[in-house]
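J.: Going down the list, the sequences are from chains A and B.
Going letter by letter, the first sequence gives residues 1 to 159 in my numbering.
Going letter by letter, the second sequence gives residues 1001 to 1391 in my numbering.
Treat the hints with care, as some may be off.
What the hints assert, rightly or not - To spell it out: a stretch of chain A is covered by chain B in this simulated footprint if at least three of its residues, at any positions, have a beta carbon under 8 Å from a beta carbon of chain B; those stretches are:
no. : stretch
1   : 13-22
2   : 39-47
3   : 74-81
4   : 141-154
What the hints assert, rightly or not - Derived EDC-like pairs (lysine to aspartate or glutamate); straight-line CA-CA distance at most 16 Å:
no. : chain 1 : residue 1 : chain 2 : residue 2
5   : A       : Lys137    : B       : Asp1209
6   : A       : Lys137    : B       : Glu1078
7   : B       : Lys1257   : A       : Glu76
8   : B       : Lys1232   : A       : Asp45
Hints in this document: simulated from the structure, not taken from any laboratory.
All C-beta atoms, glycine included, are put in the ideal place defined by N, C-alpha and C.
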Amino acid sequence: MVTRLRKRYGSGIDPKTYVGQNYIIADASIVFELLQVMRDEEQFDYCVDITAVHYPQRKDQEFDIVWILYSFPHNERVRVKAMIKDGDPVPSVVAIWGAANWLERECYDMFGIRFEGHPDLRRILLPDGWQGFPLRKEYGITQQDSEWVRINLGIESGQ
Amino acid sequence: MAEILKSEQSRSTVEHIEAEKGVDQPFLDATELILNMGPQHPSTHGVLRVILKLDGEKVLNAECVIGYLHRGVEKIAENRTYTMFNPYVDRMDYVAAVSNGLGYCEAVEKLLNIEAPPRAQWVRTILTELNRIASHQLWLGTHALDIGAITPLFYTFRDREEILKIFEKYCGARLTTHAFRIGGCQYETYDGFEQDVKRFCDFVTPKVDEYETLLTTNRIWLERTKGVGVLKAQDCIDLGVTGPVLRASGVKWDLRKAQPYAAYKNFEFEIPTGQNGDTYDRYLVRVAEMRQALRIIRQAVDSIPEGPIMGKVPKVMKPPVGEVYHSIEAPKGELGYFVVSDGSTQPYRVRVRPPSFVNLQALSKMVEGALVADVVAVIGTLDIVLGEVDR
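Just chain B, same shape as in the assembly (with noise of 0.2 Å):
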């Protein structure tokens, strides 16, 4: 019996050894061991699988497998009107969903030839904003809880809470608002909105602070972040990479400034760069970032213009035959949409250009050479949303 168990053994580990003799690189190596981290892991930010090769905790190479969240968001365009197609946006990146709703009004508007009314801009820039207070704070929140420092989540979830109040009042809904509709905004500002958005601006100017006195000068995130996952500035630019990543690694570019649609070029405010590139970095020019919408929020809110909030638009919207491209700065990078039509009231073909889906790409890049534990650092600075990346 012994005996038999040894030469089934043996003639077994031969074959292993000639189906490794035609391969040129062997799969695994004795010191090589290959790690499946997700599609269900609590710090993949959804349902992200990577594929790690590691060599005892280095990480020697990663691979990402998406997908598992497709719903096919394109071709659902391509049946649905200009208009029915609109709430379909927010469920992409659903933390940021005023601002998926804005670059498709925008886009569509554009391949109208209309334009919002003033009174709509400013609305649209005051709600995009706090959206992107709202995306900011759950990605610090989340990234925090991912690399072991707890008390983050309850600060910036509770402060979150008072943005989508204001959604809430003003348009009923909480997280997938659509706020927006092509040719300016359903709804008028409720009574108060003004104080109620200066009263959330007064209250959270010092809690952005406060994350501050918890993070940025505590050793154990500085250990945890500092010359994390580095990106340079021409490797952002080589994958595409946008949005606060590639400010951190001191790229001085931001579509609102570069090239400003709604009311931006109304306002004031600065781009926060980084040098490094590294996940602290990121950290900070996101903080930084969400200062600077509150500076915007205050602007914009002291100077709405009176007058419509809708434009006029046609009751059935047929663009003419053409093609646009329009991009926004979402909070987490260029947001594109490139509509296609063909002079019927279905849009011919969406593209949305994801920043979720780009800034992924350089996962690879980021974790090579780095340890087990970063990866779930540079998962969660890279600020990625499933639903996005998937569509």
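Bound conformation, chain A alone (with noise of 0.2 Å):
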């Protein structure tokens, strides 16, 4: 399958091994084409979860979106890496897998990245109207949206 990939898009992605566990890092740029590619030719067919890590020291590349796959036929499962810049949009998968359409506005929920196409793309687990992605580094163990706090539950705190 690497080599396969590997034909397709040169330099665009490097595979890797930890503990037994295979995953690709792709560029941004060529990730939805990937993503397409290893459902429909390379059989991964269960979308298992979408998630991002953030690294706010590294400059230009703060965040990695991790995508799990599973392929039933082949009983293998992979993750697909790809890093981008905070801000930039990363394309969503919803068309291609139907599961991703929680998964990616839980991420969004939690670390405000924005999936380009996503049909619904909305706070999943916090409130609509609240301030800040908690999931991202800066963001405190304690902090709060002090002001929905205030105006929603009519008490100065919740902590």
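Need the complex rebuilt from these two chains, each delivered in its own frame; the hints are there to steer you.
T.: Here is the structure:
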């Protein structure tokens, strides 16, 4: 599979293995096409999870977006990873896997990553009017949108 | 006076019509009704809110509103050491706390490149399977109660109690057990553990048949569950649905077989599947799973190896820089942990892939065109735990 993908994308992808688990670091520009190929040609028909990791100290590549895929026919798991800049949009994969809908919404809710082409990108776990994205590293563990809490719950602090 | 009222009324009506003109599809048609279900509702199994768009008794659309139980578990993980975060995972799927702990411990063990000793693997398998039975019993009781059958609840809770007693004797807690540690188990089994587990297996085997006598051929149960909330195999895969819901649609896939963990590769068991993917098949699959779980426990308890129960782990856990995804077959589906280490004592990021969250996404597809009463049956059959959906 790796050789096939290599032929197609050349240096755009970087396949790696860690503790027996395969992952592919892909260029943000080709990631949508790559994921489409993964589903259609490599039979990764099940999108397990979509998540992000925040690295504020990495300049211009603040976020790792991780797609965890599984193939029922091959009983194989692979992760696709792309590094993006804070504020840059990521292509939505809802059209490829229906499961991506809520997973991308959660990712947006927690990290503020915009998924371009998502049919209904809004907060899922936090209330709609909430300010800030809690899983970013600069967001403190006891921090909250105190204004939202005051207006909607009528208390000074939830802590 | 009457004239003023009339003109007021007509003005507001005109405004209303004017307002509707601006929208392509009017929010409320004369025949449509918005019904809000939950978050405080006995059959949403927690704090789930469903906004139903109805045409008479028929559901046109269902939208889930979640997050009422959001505690920020993933954020907490980044501020705790690997060991300190262990008890938190029990609070996600609180009816299957043992499975949560197993997934987390195994993920971190993978990251540390260590393995729990065989004895610990066996004990882990036994407790996890007991927990699977407990989880399915709780599901069966409450699901049947939602649909209108009260008796199964008393039966299943009576038998679940026996499992909780074993947990209590083993580790002191009944629900949020925190039974496992990274690198093995904290406690050696107590004297008579094997006998207790065997006695429980003998006790509960006829009881599972008893549940079936109440429901499997019950005409009301059949009417309420057959052909309700059908999910085809292809839709399941597309929506990422796992666990008994996937298997009831005819996909023979179970992580315990596909990618074995703990001690599962040493035991014989089958993966029960259904054909129709409806509520009734999901019921049959879960009941069959209880029997298979008993089969695993019986094999495991007879062959617990001797040796230490806790492996050698460093006092201060500092996994090397790297990331790992490990998933297990929890009672509700694939439960995955994606752990990123930056080489320090605290995880850089812990992502939990909750089965309930992903499975709940299928709800709107399953209830489209169904009756209002079926929504309750479908929420029940998905077997969600809101603690895990919201985390």
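J.: Give me the numbers of the hints this structure contradicts, sorted from smallest to largest.
T.: 4 and 5
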